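Asks: Okay, here's what each chain looks like letter by letter:
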Amino acid sequence: MTAVAAAIRAGVTFEEPGGDGIGRLVIDRPDDPVNALNAALIEDLATAIRAARAWAGLRGLIVASAKADQWVAGADLKLVTQADEAGQLEQASRRLQAVCDELAWLPFTTVAAINGAALGGGLELALACDYRVAGDTPKISLGQPEVNLGLVPAGGGTQRLPRLIGLQRGMELILSGRRLSARRARRAGVLDEVVHPTVLDQAARAWVGKGKRPLDRPLSMGLTVAAAVDLAEQTPLGRQLMYRAARQAVLKRTGGRYPAPLRALEAIEAGFEHGLARGLEAEARAFGELGVSETAKNLIWLFLATQRQNRLVSAASAAARVERLGVVGAGFMGAAIAEVGAVAGLGVRVRDVTPEAVAKGLSRIRAMVDAGVRRRRFEPREGQALLQRVSGATDYSGFRTADLVIEAVFEELAVKQNVIAELEGVVAAETVIASNTSALPISAVAANALHPERVVGMHFFSPAERMPLLEIIRPAAAAEWAVAKAIDVGSRMGKTVIVVGDAPGFYTSRVLGVMLNEAAVLLSEGVSIDAIDAAMTAFGFPVGPFVLYDEVGLAVALHAGETVTRAFGDRLPAATIVPRLVEAGHTGRQAGAGFYLWPKSESSVSRQLRRLLPRPKRVANPAIAQLLATQQSAVTPSTTEIQDRLALLFVNEATRCLEEDVVRSPTDGDLGAVLGLGFPPFLGGPFHYADSLGLAALEHRLRALASTHGRRYEPAALLVDRAREGRTFFEE
Amino acid sequence: MASTTPRAAIIAGLRTPFLRAGSDFAQLDVLELARSVTVELLQRTALDPRQVDHVIYGNVVRPVQYTNLARELVLAAGLPRQTPADTVTLACASAIQAITDATNLIERGYADVVIAGGVEMLSNVPLSLSPPLARALVGASQAKSLSGRLNSLRGLALADLPPVAPGISETSTGLSMGQSAELMAKVNGISRADQDAWALASHRKAAAAWADGRLAEEVAPVYVLNNGGRAVTRDNHVRPDTSLDKLAKLRPAFDRQYGTVTAGNASPLTDGAASLLLMSVDKATSLGFAPQAVVKSYAYAAVDPVGQLLLGPAWAIPKALDRAGLQLGDIDLVEMHEAFAAQVLSTLQKLESQTFAETELGRSSAVGRLDPEKMNLRGGSIALGHPFGATGARCVMTLANEMERQSASLGLVSVCAAGGIGAAVVLERL
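Chains B and R are the protein sequences, given in the same order.
FYI, in my numbering the residues of the first sequence are 185 to 916.
FYI, in my numbering the residues of the second sequence are 9 to 438.
It cannot be assumed that every hint is accurate.
To be verified - Simulated restraints on C-beta separations:
no. : chain 1 : residue 1 : chain 2 : residue 2 : range
1   : R       : P170      : B       : D320      : 36 to 46 angstroms
2   : R       : A173      : B       : G776      : 45 to 55 angstroms
3   : B       : S891      : R       : G236      : 28 to 38 angstroms
4   : R       : V72       : B       : R565      : 39 to 49 angstroms
5   : B       : D320      : R       : Q35       : 32 to 42 angstroms
6   : B       : A663      : R       : R89       : 27 to 37 angstroms
7   : B       : R428      : R       : T75       : 54 to 64 angstroms
8   : R       : N235      : B       : A223      : 55 to 65 angstroms
In short, the hints are calculated from the structure, not lab data.
Just so we're clear, the structure is a prediction, and the values are computed from it rather than from any experiment.
Backbone N, C-alpha and C define an ideal beta-carbon position, used for all residues, glycine too.
Model the full structure from these sequences, guided by the hints.
Replies: Shown next as structure tokens:
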């Protein structure tokens, strides 16, 4: 019944004007809570715009949403995922552009009254109005985030946004995909006014009185930076310099593996140099071509999968409400966990052994919060409020009332077991005890626990205040309610949660450990550090394996690696270079040397000044050659060869984890690898990557590698089965 | 009727380290100091913050930015936002006022759980503008035109420009606290040697209480978070190594020639905060808390500031004892605020004095003698410091702790305050 009703009701209504001659165009897509733009809604818009145009004596039109706290959150991504040819998508883009044009060319004043997210197509709709006003609420979010999904704006955003707020700022927003809060959007010039939500309609009506305005904004005058930038934008040379700088910044950030920002830049340039029509044409073409690319499909899948995961996870944990969090250990990890806990609104009690350690930990938390305020993640007031939710102690006072305690003490089994024992003497019966470990089996950590059913693992990734993934480890003995509480905390911390089995190294540390180990094996075969790291960054990892070793710290990596190699040593050759480096004191970046020598930055130079100076370059640690019998660069395999040796081993190990039920699904496996380990997002994760290679081809390649390099390359049984059945990991 | 009146019990207390003004707390905000100790009290008692019905906080040198510091404390300490709160001020007895107000609320049955305490931050005293300058600036900000603005600034003299520090002298006499103490020493014949001996004992008792852990149990560390973070865990005015010789070498501070009051036998300007948790006895029982002591009676009295400014307790103590139906001899332990050794010794002298009893109190016999051995067992304000707004709470807390430790049944707190006011509280262990 409702489905039928939904089918007849139009998604956009034209409301006739009252006495003031101002009509309203109300968007209310019947089958979608966020007014996502699909073909039907676009046509409904067109119809409503025509109705407004036909209304005699209309003085103005307000474009509004009927949803509470929701405007138009963007295009319906099904539009893209269900398309299989570029021409189809290009057409869709041309249609959205045309409808936005119709709105822009209405003969009376139009005002967007924005009460929620106006992203992508939503912002483009607003940009087609003469003015934009928004409610002063945290629900407001404006931006053109298409590049994050491997796409470009499709409704004229590449043209209208830079014309409204200036080429420089417009490019910055479109190429970064950044979203703005209401106040920042007002400062950037995207919004004309920000008002209390209750007077949004009233304010919009007031703006109608200002009359129509041209698309290009008036230039800033006077001796200001803004005026200088405006002036530069008026000259072809000034614009050329801006395009070039923007292109270089994009290439530096993406390594050239993400085409979308470059295509957006082309469209902007086409429009500014050859006119709006050419710009729109370039935009639509780019949208079509990008939309059918593997990159966009993978990025969109990741986006939707993350959303789905977070929704599922928060639904699953709805019953397990945690209010108070205890954190044992105020080191880097403990402090970061406490900070994200406080940001999530939890009361946090941190415990460390000495008052000095507590002070240092609390001070770290404050530094993180201060940084958040500087980066405008929070208002200063919010920052202060969340700091006030954190307190510290040298004893377990305050832990009795904690709903969940996370221990983040030294990664050593006996130490952790001891903390568990101490906690069991303090906390309430229903308190969950979570161990933050990257590899120690939780069953071992909880071996002496009186109540192992409430001990789970929470593997945070460093730096925990920024990394989006949380791996929750469910040991066999853990109770459902304990896992649910851990999930509740994780999802409220804003993490994407995957729940994994309690096998050595769990999921992420295991696949990463196997890959890092193989990098060290390659090194011992005589391949150079630089060649290996370069091959893997070219593959799309944010850093190469040896930079990662050094960043993580070799002692930690060794510890995690040993857990993995001990468990799977029958097929994994243990690389000896890591323990030898640790022994020699080359433990990584913190120590100044690991696989690389890390030049110490001059502490006497201020941070601002240092940014202007060329950064001293790291060089491969010469000690490696001595520690290894082999000559550096004795062997020079091709980049593809190196990538296959490491990435395919990674994929194969991920498949084994799926086979052994360590990860529950290919989705969890892909999310974990991308969000936790930096597996290239444009490849969609190891399981998507396997699918795109073709499972039979992958099996074949692995067998070839196994014959030359050993059994660790033997394809996982699950892979062989699926290849034989002609199936993929992700099936429609 | 009396049997159904709820009784107000001290459940627990905690204070920050007391630091000389301008030392390690100088970077902190007054609210942060109060918040830190209150959060710690809640954490250590594991009390559900939703149980707190009311917060009352004492403070003397009022920060300009907080018109109701206690309410800010509620909002900053994670207490429910629905908790009402008020800030009280009664000079050095401000926290006593907070505690007796809490007692009233509980005894009337209007509240079951109250946090009462006080804070003082003398490192950052708010300086204000001279009245002519303040009037001129307000006038200028309200003026509609530029000429109007300039007009309101006319007539300002150079002398109007320097900021004004909060008053430290009695407006009715023009005498500072120190001068008043000096006057009391002279009038009552309190010798320099006796004052120094009292100060020495104060330091020794404080040092001993730190050494054996009795002070550590009532002091919560404060974490100062700028510059990498530091933990402040101890009072910094207590001098375990002081001696009569050292004290004797100090020059009189208020009367260079004939004076006896020195920096050594007076309490210093201090930063600090203290919070107490009070409950009705029934509520405590139902929540599983054991009362340390209940408030048996209290009294305030005031003297003419023109006389002996700090002698108020000599009137307040007998008044409170009368209300409790007790004699001074019934009291096991005493916490007497030490603004100055001269003030303490003058008070003791008056309590013992038959003449004082007859002429000033209208009593037939002296109030009684207080044994210094039963007094200020963890050191007094001379050694520990004296954050005006917090001292009363510190005294009540320490008395309750010592009563509990010694299973003493009756205790007395007295605090003298500016304006000639004296406060006394009698505690009883159930």
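Asks: Take the hints in turn and mark each one as holding or not.
Replies: Evaluated hints:
{"no.": "1", "hint": "R:P170 - B:D320: 36 to 46 angstroms", "result": "holds (42 angstroms)"}
{"no.": "2", "hint": "R:A173 - B:G776: 45 to 55 angstroms", "result": "holds (52 angstroms)"}
{"no.": "3", "hint": "B:S891 - R:G236: 28 to 38 angstroms", "result": "violated (56 angstroms)"}
{"no.": "4", "hint": "R:V72 - B:R565: 39 to 49 angstroms", "result": "violated (18 angstroms)"}
{"no.": "5", "hint": "B:D320 - R:Q35: 32 to 42 angstroms", "result": "holds (34 angstroms)"}
{"no.": "6", "hint": "B:A663 - R:R89: 27 to 37 angstroms", "result": "holds (34 angstroms)"}
{"no.": "7", "hint": "B:R428 - R:T75: 54 to 64 angstroms", "result": "holds (57 angstroms)"}
{"no.": "8", "hint": "R:N235 - B:A223: 55 to 65 angstroms", "result": "holds (59 angstroms)"}
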